Amino acid sequence: MATPLVVETPVIRRQTQAGDIVARWVVTVFAASILFVTALLVYQLWTGSAPSRLKSGFGFLTSTQWNPVTEEFGALPFIYGTVLTSVLALLISVPLGLGAAIYLAELAPARLSDALTFLVELLAAIPSVIYGVLAIFAVVPLMRSHVEPFLKSSLGFLPLFKGPSLGVGFLTAGVVLSIMTVPYIVSVSRESLLAVPREQREAALALGATRWEMVWQVVVPYAKLGIFGSIFLSLARALGETMAVTMVIGNDPKIRASLLAPGYSIAAVIANEFSEATGATYQAALVELGLILFVLTIIINAVARLMIAATTRKGSKRS
Amino acid sequence: MSNLLIWRKGVNSVMLTVTGVFTVITVAALFLILGYLVYYGGSSLDWNFFTKLPLSAGETGGGLANAILGSLEIVAVAALIGLPIGFLAGVYLSEFPDKVFAPAVRYVADLLNGIPSIVVGLLAWGLLVVPMRQFSGLAGSIALSAMLIPIVTRQTEQFLREVPNSLREGALALGACKWKMVATVVVPAGSKGILTGMILGVARISGESAPLLFTAFNNQFWNGSIMQPTASLPVMIYFRALSPYDDWHRQAWAAGLVLIGMVLTANILARLVIARGISVPRG
Amino acid sequence: MSTVPDYAPESKTAQDRKGAPLPTPTPAPGPKLRATNVNFFYGTFQALYDISLDMQEHLVTALIGPSGCGKSTFLRNLNRINDTVRNSRMEGKILLDNEDVREVDVTNLRRRVGMVFQRPNPFPKSIFENIAYGLKINGMAKRSEMRDKVERSLRRAALWDEVKDKLHESAYALSGGQQQRLCIARALAVNPEVLLLDEPCSALDPVSTAKIEELMLQLRSSCTVAIVTHNMQQAARVSDVTAFLLEGKLIECRPTAQLFTNPADPRTEAYITGRFG
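Protein chains in written order, with our numbering: chain A, 88 to 406; chain B, 8 to 290; chain C, 208 to 484.
Simulated from the structure, these hints should not be mistaken for laboratory data.
All of these numbers come straight from a predicted model, not from anything done at the bench.
Check before you lean on any hint, since a few could be wrong.
Said to hold, decoys possible - Computed, partial: chain C to chain A, Cβ under 10 Å:
| # | residue |
| --- | --- |
| 1 | G237 |
| 2 | P238 |
| 3 | S295 |
| 4 | G299 |
| 5 | R309 |
| 6 | V313 |
| 7 | V323 |
| 8 | N328 |
| 9 | F330 |
| 10 | P331 |
| 11 | R350 |
| 12 | A396 |
| 13 | V397 |
Even glycine gets a Cβ: it sits at the ideal position worked out from N, Cα and C.
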């Protein structure tokens with residue numbers, strides 16, 4: 088991070104100096120507001136969840152019961168649903184996104200690559216609720232009448248594919264999330280691949296590697312930190328994704344092995360129940376779920392940023 | 008050719024083809040989404056949609072004029088709050104950085120950017136909805152502005168950094184003091200990029216519904232004031248799509264088409280027209 | 208403009224300088240590599256004009272000339288690594304053992320024609336894996352033979368003694384000169400018939416340079432070597448034949464001693480005297 092080098096003029100009049108000091112203070116205060124907002128968020132989540140934290144303690148994390156009527160609140164079904172749908176999403180979006188990134192970085196001519204990357208990035212600009220509309224009117228019927236019956240008939244002996252074909256559930260949410268996260272994987276991975284020095288590619292080719300061997304055995308390993316960074320970035324997006332998941336996950340707080348079964352996610356339960364939550368503990372339990380989601384995404388984002396920063400540094404040093 | 012070489016060449020062409028197919032699938036997803044929206048949304052869109060209020064459940068007809076107006080209000084207020092703060096914080100990071108504080112701000116801005124929007128909604132709920140005992144458009148705006156600030160900050164910083172130092176030195180050599188140099192030379196030089204970043208940021212928050220669900224909430228009528236529950240297009244789409252009525256589904260498609268039309272127009276405008284020739288980093 | 212040189216091995220070669228017996232080159236029926244009327248374009252820019260040049264087996268051919276004269280471009284056509292440069296185009300013919308390089312399989316061609324680049328470019332893997340990579344992809348060693356073959360390559364590149372205790376450490380831990388010898392060892396591991404060296408010493412210190420030059424003289428026994436260098440003393444020290452290129456054209460190509468002592472073309476003379484002072 089090169090800070091802009093600014094040449095100080097040797098003679099500075101008193102009034103301009105005062106102007107600079109004011110300017111510095113003003114922008115610093117505005118910058119500090121970012122820290123303030125974040126601190127406020129943490130404070131809100133912490134105090135807002137206090138009644139629930141005091142009541143259930145760590146049991147909140149391990150309890151599988153969610154019953155607002157009897158005031159039993161356990162986070163595990165939501166954590167399970169959130170993690171399961173995100174992992175399913177990555178199982179689809181990582182190969183898809185990495186493959187597309189390889190094509191865009193290694194094979195496509197520069198102009199075509201830029202144009203296609205622009206289109207892929209537009210996918211990230213589509214609002215979540217629109218994915219949700221598409222999901223309930225197009226993906227759910229497709230899953231219900233074609234994909235899920237097919238999975239049951241071919242892989243039904245696995246506990247993963249048991250139960251009725253509802254259309255909504257973990258698998259559908261994972262499929263929708265995979266399309267939503269793929270643009271992050273494509274654009275960050277593509278940049279990491281493009282940052283691999285030309286010499287590395289030529290070294291592999293000069294030894295008689297085929298193009299694919301060069302890409303897969305030399306270029307991808309060289310860019311692996313950036314690629315992992317992109318995967319973590321999209322994992323964080325998937326974990327916190329709300330609207331589309333809410334619309335297709337089935338909204339049933341149960342832990343089930345079958346991917347075809349309905350479930351629930353943290354973001355979805357907050358979206359569905361928060362505005363109607365009555366009673367301090369109920370609301371606090373939802374805020375505590377928000378706190379869990381916050382901590383999860385903070386950790387994953389921090390890891391992702393460190394990884395992406397490390398590749399760009401490494402790339403610039405070696406190339 | 009040896010068997011090994013034939014095998015290697017086979018793997019090579021199969022895998023390279025697969026990467027191409029994956030690219031096609033990914034890009035096709037975009038066109039499939041747009042196609043669906045244009046097909047279903049286009050046939051449901053009429054003049055009433057933009058001018059009439061929603062009718063009660065089960066009745067056919069009506070429009071979402073209040074939601075369109077509400078969205079504009081909420082996003083405009085969010086932009087009024089978020090754009091100046093984000094911009095000035097970006098100026099700080101690029102032009103007046105401090106060794107310890109600036110990296111902290113930068114890092115926290117990145118983290119804030121990655122926090123799920125629904126969690127940001129909880130912040131605005133705690134700040135405004137709880138003390139006022141009422142959902143309000145303003146609470147929604149606050150939530151959206153908290154999302155907008157880090158985006159605009161990092162974009163502003165990035166584009167100001169791309170301004171060459173020779174410009175800064177030139178201005179200082181003419182006797183300008185630092186803040187005048189920044190205001191008259193550096194910021195204008197980076198203005199194209201900053202504007203792009205701002206448009207992309209506003210486009211992003213205008214499609215958000217999760218943080219509005221329990222802040223701005225929803226409303227079937229014209230919004231009286233920003234201190235009242237306020238309807239917005241994304242939230243309206245959510246409730247309409249989950250309703251059991253065909254006519255409301257029709258409206259959800261139409262509203263989706265309008266929303267995506269606005270968001271994609273802003274994106275294309277910002278990236279292809281305003282930012283022509285400069286590279287736009289992602290938020 | 209092509210001059211077909213007289214390839215009688217000059218007396219003033221490694222034999223005299225090193226005092227070591229010169230490995231007797233087996234007389235080849237034809238040149239190992241023959242370029243005929245090669246033109247090369249980067250987009251609309253023509254980088255090479257009508258170059259014809261032969262390289263005999265077991266000789267070191269040096270390509271010299273001012274920067275931008277096309278010497279690296281020419282070298283990079285010999286193993287078709289320039290194919291990867293977008294919008295580039297080659298005309299003319301390059302024959303390896305009388306076979307057109309554009310008609311043989313490109314991966315096989317590059318296995319047979321090894322290359323060492325201007326800057327050391329080891330893979331971010333261990334020393335061992337760097338050498339083993341080419342052997343693995345080309346299916347040239349069983350698991351049990353791998354270690355022996357890696358050792359042999361490192362010995363040929365005179366690097367074995369320095370790295371034998373840290374084979375599984377990262378190649379990036381080596382010094383620049385060691386990294387370049389590692390790259391040479393990596394290229395040698397797949398038994399190339401021709402070795403192309405593109406300014407291999409330009410990023411190195413004098414001691415490392417001396418080691419690599421010594422290596423080149425030894426390599427003649429097993430390979431045909433082509434080296435691009437901007438350093439005329441280096442060309443004089445290590446090569447049997449020198450080709451001088453200027454602005455994409457081959458000015459002259461003759462046995463090294465003749466070219467440096469008695470250049471035929473006034474431009475060659477101007478270049479070598481200008482540089483030698």
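Run the structure past the numbered hints and jot down the numbers of the failing ones, going up. 1, 2, 3, 4, 5, 11
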